[in-house]
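**Q** Using the sequences and the accompanying hints, generate a full structural model.
Note that the protein sequences, when read in sequence, are chains D and U. Counted from 1, the first sequence has number 5 at position 5 by our numbering; the numbering is strictly sequential. Counted from 1, the second sequence has number 9 at position 9 by our numbering; the numbering is strictly sequential.
It should be emphasised that the hints constitute simulated quantities derived from the structure, not laboratory data. Be aware that one or more of the hints could be misleading.
Derived PhoX-like pairs: lysine-lysine, alpha-carbon spacing no greater than 20 angstroms straight-line [what the hints assert, rightly or not]:
1. Lys44(D) <-> Lys71(D)
2. Lys44(D) <-> Lys100(U)
3. Lys62(D) <-> Lys100(U)
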Amino acid sequence: EAGVAQSPRYKIIEKRQSVAFWCNPISGHATLYWYQQILGQGPKLLIQFQNNGVVDDSQLPKDRFSAERLKGVDSTLKIQPAKLEDSAVYLCASSLALRQYTEAFFGQGTRLTVV
Amino acid sequence: QQQVKQSPQSLIVQKGGISIINCAYENTAFDYFPWYQQFPGKGPALLIAIRPDVSEKKEGRFTISFNKSAKQFSLHIMDSQPGDSATYFCAASITQGAQKLVFGQGTRLTINP
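**A** If you want it as structure tokens, here you go:
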């Protein structure tokens, strides 16, 4: 089966610019996650969707980050305006549903560099 | 209380040796403990996972040991191979409601040939 697809793979922007990332989860997966992975650290959950509803966005910096999952399939994550500290790899993951021990499958990520 | 602490940050092991990575957690509500393996330029991939009702789980050369009373769990890689060189993350989740994974800081493992 096809994996989680993310684009672009790399993005370089200047601070205060805006950027958007796209994610296409595995077909049939109801749960979608966006993680931020700063170099040398473990992934940190930004937002979690169940179908097109938000389950958890407690760690999303809502003054600059936004995410949506229209029609419960693809998702976009936007940063506006970007700061230097937003430089990181943004990982999208998906899993079948909100149930016990469901494996989360990760995409390759988008590496964002803010200069 | 939502943190998972992982050690060491980096580890070098000779080919054929045993690699051991340790993790500790505080929140006793965690009930699912996976380990993820990440190669450069790739997303993390599930390696092996354990539930707190068992003390050990083995899959091939990979074993998770779980100590519920100490709130610690560890990954053992037997007969370590150069292809095992990667970054390993422990994680923990509360599976009631949203399955939200909390990751450790990661261990960069290098297996010398």
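**Q** Under the constraints set out in the numbered hints, which ones does this structure not fulfil?
**A** Of the numbered hints, just 1 does not hold.
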